[in-house]
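Asks: Each chain, written out:
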Amino acid sequence: MSLKPTLLAGALALAGAFGAAPSYAQTEVKLWHMEQPPHRVARIQELIDAFNAANPDIKVVQEPQSWDQVYAKVPAAIAAGNPPDMLFAIPDFTTVVRKVDQLESVADFVKELDAEHGFVPAAVEPYSYDGGVWAVPLYNMALSLWYNKKMLDDAGVAPPKTWSEWKAAAQTLSKDGIVGVGLPANKQLYTDQTTYAVMVNNGASDLFNADGSIAFDNEKTVGAYDFYKDLYQYSSPDAANWTWGEAEACFSSETCAMILQFTVISTYDAQGGGDAANLGVAPVPHADDQADSSTIAYSNGVMFLSKDPAKREASKKFIRFLLQPDNYGKFLTMEPGLFLPVTKDGAAAGTFWSDPLVVKYKSQVEQMIKNADRGMLFGFTGGHVFPAIGAISAQNMLAETLQKVVINGSDAATAVKEGAAAMTEATK
Amino acid sequence: MKRGLAGTAALLLGLLVLALVVLFPMWAVLSSSIKLPREIIHRIPTYFPKSFTLQHYQKLLATSDFPAYFGNSLVVALLSAAITVALATLAGYAFFRLEFRGRELIYRMVMVAYAFPSIVILIPIYLMFAKLGLIDTRTALVIVNVTFALPFSIWMMRTFFAALPHELEEAAAIDGASLFETARYVLVPLLGPGMASIAVFAFVSSWTEYLFASVLILSDAKRTIPVGLSGIIGQYQIDWGLLLAGASLSILPVVVFFAFVGRFFVSGLTEGAVK
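Protein sequences, first through last, are from chains A and B.
Mapping to the UniProt record's numbering: the first sequence position 16 is 16, numbers consecutive.
Mapping to the UniProt record's numbering: the second sequence position 23 is 23, numbers consecutive.
In isolation and in its complexed conformation, chain B is listed as follows (with noise of 0.2 Å):
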């Protein structure tokens, strides 16, 4: 159906809201983190800087642990991420792919982990950590990061192993595939849309997780950039171009990284459509 003058002066109105309500605010941070103090608080706000510096920037890296804060959400994240993907992956196929009495009641049950507010299950999940010796070390975000990202990942991977034919597996398997080469060779290429979507969710999670992180990590040096941020603004005062340049760089490696793995969701896609 061909769309008319006005319909298509809607779309691209609809387009252009949508646009604006998302990339405003990002524009908003950006461009301020480059303003002088002044500039940013003043009464009138300025949607393109009157001033430029990089002050905030600076003071951000000299002054601040922000780049151990940095580090410390990219190894988390990372790991969190691969984590939840493999595990993600090989639960799907055991629900999905293999015949086990109970499979549908787990598979229900999975979700279970999602009925308790955080903070809730903190304080048990603080005591466990301490018997185990976890309290204070990056080990204990990625064990939480993944735990409460893989439930939701499993649910996921099953609409993408529904999509998959049995009679792909069963066709490598009359080539002489063994199970690990048909996972590598056709499931995995034909999954990689659902392991990126996964990989993104399992990221942003971790990358944005404040609770735990703030709780669980006692020392300045292994704090992640959530936590970090929040204590370099302060409680009574607030240091506004500091704030906006921590923002600005945070979320960097969030873009990086969908832009990344963005690619290999792109390919899997094509794939899967060749296959």
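Just chain A, same shape as in the assembly (with noise of 0.2 Å):
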């Protein structure tokens, strides 16, 4: 009698036995972003279980952060040697990181990405400096001007085009409790914002001479501070230390006409009434004697922080997965309409534009993805990156010039003089 037999079925029985085991090793791939909201932490779970299912050799996990805490502990979990692999990131933070870590640039990756997807420039742009590209742009936000239609149309005003006409429409519709224009003036992110919204619609845009001097003492600057200090009269007495969401329920509660804000469509839906013909959305005004209207516009981007060969080829297979257009349609509606597609193919994708909120404000997010394509970045701009940035944005100096004007009353251009000798002093 032959042995093969026996063996056979032994090999079998414990091939059997042990059938259950997997029969490689497991990549783990620890992913930290700062959507915590909980509808956005689904969404994103949902995207990884898919993943995880379809790559049973990889485990991707996420681990929210806060944005309030994320420029601490980075540095720090980098320091104690267990960083996340993938880091979510805005242009400025990865300035930030690479300070504290040494980082291999993903440029290669950009451009097989790129030409998959075809990135939008200005979303690229803001991570390529110093020889490389720090971030895989993932979603843009750009900031616009959402006005109450019917208020405008009660007062007979046009949405403004022109600081001219937002400063008119701002003095028209101020009246009978009614806020013409809410803005923000205090030392935060918020107003560091709507401060360079203005500025770049002035042609204020950059912060940086091509030297890496600062270009902040300027005509244009000091044009824009001292606008905002006449448009602010129009918000609301408590506005000054305002955030998005006060903003927001400014807006949605009919009480404000007009604010600057990135998106205002899920609060106005779910806290506002939810009228869609009722929620208009342009592009910020700009001065007078400007040809077109700009915005200040964040490509939030990722990062690879891992060492490991292995751990950087998974986080890379993960974001493949990603920006595959389905699955991108799906990620970006994790906040409809606020995160806003920055690929070409992304734009067109099915899942993201049959999301029901997008698909009862379409007019609205078609506009704010008009208003993205002209957006910049303060310290991204120019063709010249300055990691330098990072001191400024972190220290809010463009928001604590506008509160000198604003809130001090301070002479915009001795403001802007020693906003401009501070942000040196920030960079050296």
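By construction, these hints were calculated from the structure, which means they are not laboratory data.
Treat the hints with care, since some could be wrong.
Unchecked claim - Here are some chain A residues pointing at chain B (derived, C-beta under 8 Å):
(1) Ala-79
(2) Glu-248
(3) His-384
(4) Pro-387
(5) Ala-391
We put the beta carbon where it would ideally sit given N, CA and C, even for glycine.
Using the hints, put the two standalone chains together into the complex.
Replies: Below you can see the structure in the form of structure tokens.
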């Protein structure tokens, strides 16, 4: 009797007994992101689960973090030797991370993804400096002017396109307890954003000269601060301390006729009645002598911090999966109407446009995408990126200067000069 | 001295103003948490709800990790309070009943722990805990909370020990009580008010601690309420109903804990008076 059948049977029995055990090593990849609200965490988990099921040799796990703490937490985690393998970031944060860790450029990977999906160039630009690309762009956010159509119609006011129209509209609308335009004015990130949105619309987009020196102190910047102060008289008395949430609440409660925000769609829909026909969105108005509007836009990206080749490859595989149009549409609609596509095929993704909220507010989302096309970010303009922007951004220096002008009553020219000096000092 | 009508009116007015200052924000939060979203953000605030809904509570408990945050906060705060009370009482005994060299100097140096702002020692503590493998553990939070509550608690204990005459312990010793029995049957009942005060202080400090909890904890499942709630709120958009429901639920344990410990507080006072 041949031994072969017996051995074969034994081998099969063993295979059966241990069949459930995986025959491969699993690579675990840790993702830190700052999209903490429960519905966003749930949507990311849904995508992770789909990826993990399709790739049993990889296990992606998410650990949501807070923007408030991540600037301290990441350097500490790197120093302690337990950083995440993938980290969501915004451009100035990449400069902070690069200061504390030796990162490998992802230029080749971005090139590969660009060939497949077609990145919007403005989304890649802020991550391209010092001879490398330091993050893969994932989604975009751009500040727009949101307005209540009925309030404007009732007052006989057209959506403003220029600063003089904007001021006139705010003045006309400010009556009977209505706030013409809701604007913040203290030292915090929202004010940085609204201030820069006004600056870029007066041609004062560059904070740095080509040689890296500070270009903040100029006529255009002073003009922008003067205009902001002028417009602020039509804001709410308690608006100085507002962040995004208060501005949105003011708009959704029909107290503010106009505000500057990335989006108001989900709050307006859930808390403000949700009449899509009454929700207006337009580009941020520009100075009368400027030809067109621009805005502040944040291209959010993902950095790869792991030094382990297997983990890096697994991370890349996950991002390839995420940018597939079907998955990407689901990813973007974790917060419908806030996160905008950064790839050409992503902008056409069926899963993005079929989201119920995007369907309902389609014209608004289309306008937001148009506004984002002309977006800029302070410190990342003019083809020069200076990592020193991290210090300026972290200390909210644009907002600090605005606070001096609007709240403390300083002369704009003096406050801008002081702001420029502070920026020079901070970037030494 | 008898208080006149004007004095009584002024006193009542003062009490009313104080009560309003303390209670109105709590009422605003609690009453708004049961309003429909539109009423919460309405231009003209309503002081008494015109609508009623439990949707914010349902959403909070069903779609977020709030129950886990709540459980974590409870475990961390209770452990921190218990350990702080135990250590502060023992340290208090050592400082105010035992004679040893350098006692006064060490006692004064205890407060040096408060000399540095928390943010300054955040990174060194993170690195230390990383070496000990304590990052992303609730143990790390208990250690930090106890560390920061203990110095002030020891100082608080001084007042309570100072009020206890040495003769009580001597009398217990003459009656044949051991050190443990003296502590259990004489000191602890009389120190009840002090221990209760420290427990409340340590519990509330731990319950509201944000900075270390936000940095030392990495995973969502181990977050405490202040950090978890700030995440639920979001950065660019705020679900006000969710925030108000979370805030309402998060004050409950503090109120319950104070009511529970407060009972012992009164009981301790009474027992002390009888002695």
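Asks: Does each hint hold? Answer for all of them.
Replies: Okay, the hints, checked on the actual structure:
Hint on Ala-79 of chain A holds. Least Cβ distance to chain B is approximately 6 Å, under the 8 Å limit. Because the smallest distance between the Cβ of Glu-248 of chain A and any Cβ of chain B comes to about 6 Å, under 8 Å, the interface hint for this residue holds. Given hint, His-384 of chain A at the interface with chain B, is violated; its Cβ is 28 Å from that chain's nearest Cβ, farther than 8 Å. Because the closest C-beta pair between Pro-387 of chain A and chain B is about 21 Å apart, greater than 8 Å, the hint is violated.
This hint is violated: Ala-391 of chain A has a C-beta 17 Å from the nearest C-beta of chain B, more than the 8 Å allowed.
Violated hints, listed in ascending order, are 3, 4 and 5; each of the other numbered hints is respected by the structure.
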